[in-house]
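Number of protein chains: 4
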Amino acid sequence: MEKIQFQCDYNEGCAPQILQRLSETNLEQNIGYGEDPHCEHARELIRKACEASEADVHFLVGGTQANATIISSILRPYQGVIAATTGHIAIHETGAIEHGGHKVLAQPATNGKIQAEQIKQCLQNHYSEDGPEHAVQPAMVYISYPTEYGTLYSKQELKDIHNVCLQHHIPLFIDGARLGYGLASKESDITLPELAKLADVFYVGGTKQGALFGEAVVITNPALKKDFRYFIKQGGGMLAKGRLLGIQYEELMQNDLYLTLARHANEQAERIQKALLQKGYKMAVPSPTNQQFFVLPNDDLKRLEEKYVLSVWDRVDTDHTIVRFCTSWATKKENVDKLIDTINRL
Amino acid sequence: MEKIQFQCDYNEGCAPQILQRLSETNLEQNIGYGEDPHCEHARELIRKACEASEADVHFLVGGTQANATIISSILRPYQGVIAATTGHIAIHETGAIEHGGHKVLAQPATNGKIQAEQIKQCLQNHYSEDGPEHAVQPAMVYISYPTEYGTLYSKQELKDIHNVCLQHHIPLFIDGARLGYGLASKESDITLPELAKLADVFYVGGTKQGALFGEAVVITNPALKKDFRYFIKQGGGMLAKGRLLGIQYEELMQNDLYLTLARHANEQAERIQKALLQKGYKMAVPSPTNQQFFVLPNDDLKRLEEKYVLSVWDRVDTDHTIVRFCTSWATKKENVDKLIDTINRL
Amino acid sequence: MEKIQFQCDYNEGCAPQILQRLSETNLEQNIGYGEDPHCEHARELIRKACEASEADVHFLVGGTQANATIISSILRPYQGVIAATTGHIAIHETGAIEHGGHKVLAQPATNGKIQAEQIKQCLQNHYSEDGPEHAVQPAMVYISYPTEYGTLYSKQELKDIHNVCLQHHIPLFIDGARLGYGLASKESDITLPELAKLADVFYVGGTKQGALFGEAVVITNPALKKDFRYFIKQGGGMLAKGRLLGIQYEELMQNDLYLTLARHANEQAERIQKALLQKGYKMAVPSPTNQQFFVLPNDDLKRLEEKYVLSVWDRVDTDHTIVRFCTSWATKKENVDKLIDTINRL
Amino acid sequence: MEKIQFQCDYNEGCAPQILQRLSETNLEQNIGYGEDPHCEHARELIRKACEASEADVHFLVGGTQANATIISSILRPYQGVIAATTGHIAIHETGAIEHGGHKVLAQPATNGKIQAEQIKQCLQNHYSEDGPEHAVQPAMVYISYPTEYGTLYSKQELKDIHNVCLQHHIPLFIDGARLGYGLASKESDITLPELAKLADVFYVGGTKQGALFGEAVVITNPALKKDFRYFIKQGGGMLAKGRLLGIQYEELMQNDLYLTLARHANEQAERIQKALLQKGYKMAVPSPTNQQFFVLPNDDLKRLEEKYVLSVWDRVDTDHTIVRFCTSWATKKENVDKLIDTINRL
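Residue numbers (my numbering), protein chains in the order written: chain A, 1 to 346; chain B, 1 to 346; chain C, 1 to 346; chain D, 1 to 346.
If you are wondering where the hints come from, they were derived from the structure by calculation, not from laboratory data.
One should not assume that every hint holds.
[As the list claims (entries may be wrong)] What follows is a list of derived Cβ distance ranges for each label pair: (1) D/Gln278 to C/Glu35: 53 to 61 Å; (2) B/Gln254 to D/Gln121: 46 to 54 Å; (3) D/Glu44 to C/Leu277: 40 to 48 Å; (4) B/Asp314 to D/Pro16: 35 to 43 Å; (5) B/His169 to C/Leu27: 43 to 51 Å; (6) C/Asp130 to D/Thr110: 46 to 54 Å; (7) D/Pro108 to A/Val312: 57 to 65 Å; (8) C/Lys186 to B/Gln167: 21 to 29 Å.
[What the hints assert, rightly or not] Taking lysine-lysine and the BS3-like style, the derived pairs with C-alpha atoms no more than 25 Å apart in a straight line are: (9) D/Lys225 to A/Lys225; (10) D/Lys3 to D/Lys302; (11) D/Lys226 to A/Lys226; (12) A/Lys159 to A/Lys48.
[Claimed, not checked] Among the chain D residues that face chain B by a calculated CB cut under 8 Å, a handful are: (13) Tyr78; (14) Gly95; (15) His134.
The C-beta atom is built at its ideal place from N, Cα and C for all residues, glycine as well.
The following block holds chain A by itself, in its conformation from the complex (with noise of 0.2 Å):
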């Protein structure tokens, strides 16, 4: 018997609304590199979604390269960016930033997050150094809405950060490869266009969010928007045939679908925390969105990886790991009430 994945958010394909135009459009004669009708279109849609007409919208493949790219297009050689020590661009990308050469200035996290206190420390202990040109100079700040850890920054957070950004004249990009789960959650208290007002520039997840891969940037301060076609060109990111991001794209952010997946995740994550929970079991962070990061025994574990494949994300002590249940658009109701009868006799 297959086991049933709860490993990541890109287990499946895509919605089947996409297949569908993807289909129809297949024989339509477009020009490349991003420049079709259908791009035009979706890049319309997500500044209206934005409430943001004057942003610059841009499609890359996936989230090391938008991260690389948007990093790439924004410091000068000899800054760096900050970010929390468990922030994807600091740990799970081979380099991906310092390969463009850059130093990723990592700040202690806590459930995922970093503080503009923090930020504002960073700051303030460069320019206060004799000859500061003999460090690293911090100039942006990356952060991601949900966390690597599934957690959300408040409204009043981010706020707090993007005040920070301000007052030193650096940029804040938020890495949204999850930006649907995070806006859809319970706990959300902040809406996308807040979140576009608030970023420097930011992307909207597509891979991990219903299609079958593409990240839409969108770049609001006008200051960062100069070139930044060179900038996809040069990292590889400039897809030939651009049309299938703005196609993709088009589904999704027409009809609500773009929330409506992710609700549906959040939804089937949410029980799955419930039944762990009554269960005894310990959250390592308390996520409100489609991650779930529990302590579990090692034998309970081993016995759940019998009929369901999970993520290993920590070892705790000899007894006892830190393991993400994951769902997605995709996650089927009667695998997750599977799951959770398995739960419920461990």
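On the provided structure of chain A, position chains B, C and D as indicated by the hints.
For chains B, C and D alone, coordinates are given in the frame of chain A:
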């Protein structure tokens, strides 16, 4: 009336078989990053087609990405890659190779090709200098099959280049973005297994050959295999839903689909070539594949552009332009009929 | 009245013997780029001092340059260097290592040192992960002898680190910007030949040890020797008048000058240490070399700064500061007398 | 008998005045990294000599380092630098510019020079393309004064280049590694202040002009000044004992020493030129500065090489070679007498 596009070989989506298969497998649960059964199967099919049972096969999304990743994986920081001045890496990738720290040692090309003797000279010049360490060390060769001008190296030319590389212990990398159009050409005198033996690394292009996207990198030289996945990931080329690449190459490599699609494109290109020659136009480059480069009077070009989208390649003089006519797996016979008709009326 | 400087170990020019010799040889005609007889002779003297007759020796101008060049010559693009969080490459080189494309994998340091067990853990964590290619691969170790805090690794600690490196097939690089102060310390239990055997590559610092400038890189591991001059040239470190480096190291390596100068600095540092301890001040770090780090009340610091230039290292709290007192080969005994006198009167 | 060297302009140490001054100041205590009074004074002298009171002046150690640092400070990652195919950055720096991520957009040179019209064409070609983002964006111009072949741009040529740069909003960088030999040439029609007005950034070379080492970078364009010290430090070019550079430039910039030394070299070069011309040898390039390039029969070259060290520049055919005769501030009249005598006897 919409114009018919002969502009490039990525104007349409993909071969219907591929879309069909993507739909059928859409809700399968698969592990990410190219380690799923579809990728494994596609790798096996490619190894067989290449008669290279020990080769490593990796799937990347696009050509610039594939070129940058492969070259980065081979060269040390002080080394450069020998290429034609007209090579894709030399002019059409926004300096992606330089971004990775390497100089493209561009050699004058004839009809898009460089020859073994030029490569030999370049290597000898470097090492005969006092203090060779003051110049970039030539350390690999990049050629395209077919070239960016649609032309083909003969088997003997490839052997000669291969032998120079062998003598100087540097690898030969063949950019196969349009590999199928080359192999399927009536003028090709080489097979895929033969080409696989002469190259140390090459790729079987998908984007321009009927896939939505994708390039299958084949590493036959064992010395070049180590840690290649790190390079893919760092370069932003590791697709989360790797299955998409696996599924596409499963289809392309079955039932002779890859070459069948290419043959069709070549046939349509040949029809256009004949019509243009009969009308007395001059070939800019004698191409036996899907790209045709002709010198057209600007007036004639203007009249063609009323109904067709073509690629303007270069200006010859104030009155003449080099124009590219490009066909693909998706080019409709009836559209070529129309184009020929228009040519005949010029 | 001019203040006396105990700020760093590069406040003065160079040992008089060196200037004398530069004058004597000034009009000699020599070939450039380090291939002259002085460099050759100096290399021979260094090999002898290290009892490493097969070692390659290269002369570079400064420490940041030497670190960046060496690390660049060893790592592949996806690899990183393990170092202490307080290591020079981690914080004081404006991201020179990242500029070269590599992540510094910083490990928590105690008194400026990291231990074999930490290195082992870092390596094991990397390889035990699913998909290690998603993180930077640790591929070399960087330590400083003495450390940036003036402390010394014991021979046993170095052997342990060496053994971990050996087991994991990664090289050990020792930054010896202040090597002499370490070897000449009363608490050192290691000799230069012993250190040369434990390191795969290291340098014999000149800039901070009595030369005008210069660092002599010693490569003992044959696998690291290839094409090193290309790296020097590319990194802008190949001095046209290489003779200047050769002549300086000829002098330093003769008549025990290198260690004699260092011993003098250590003695003066020890005198300052004793005076501060007797007065009841607390060492921030127990250093047996030419740098002394003490916690001073801000008021006392202010009084000292009326007459002396010191280095403010770190703030402890609102009332206390960590201050560095630094001596060198050039420190005058009578100036230390004066400083001690002032300390006693605080 | 030792051979007399006419091989390059860095065969000897430095002007005696410099060594003298280094000795006198040797035990002064100075702050490091170029912030000492000698550097400050030298900066002031250079600003005066350039009549550029607002210019920023920075001291670097060598030419490759200066070129790489300046270019890195100006270009964004997707931009390249226009230069002559014979430019130092294009061929003699082991790809230092590419290591920094940038393409050298090499233009065919005549006698080492490129012209305004070529630069204009290069810029127009780039922007006239569909999708300019597929190619490296030309964003600065690099020329050398004198060129690598000893030739000089006329004031008008420089003005024309300056104007093209101005129109396209890109900076002009003049490599002045041998600036003095150019300015002191009888054929020069430009002064240092005039050159300083035409360039956005340039350097006053020391290494090849009588200093032990050193290049004084002058930034006249305010837009290029920001954070330049970060670039120096990151590139490994920030000399700890910056005083050494300050002291050397204090001497060079006083009492007309810089141009006096250069004039001497040019005079000796002219004597050699005359002797070779009288003997009927052909100039390879008509140079009015300290480097003379002549076509010699290989037999004659062999005979000269019995007594002199010369630079073999290029092979013309199987029987002829282009040879460089190079003089410097240090070239002894009596050695030139001997060389001329030998030439006359050939």
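Under the constraints set out in the numbered hints, which ones does this structure not fulfil?
The structure breaks hints 1, 4, 6, 8; every other hint is satisfied.
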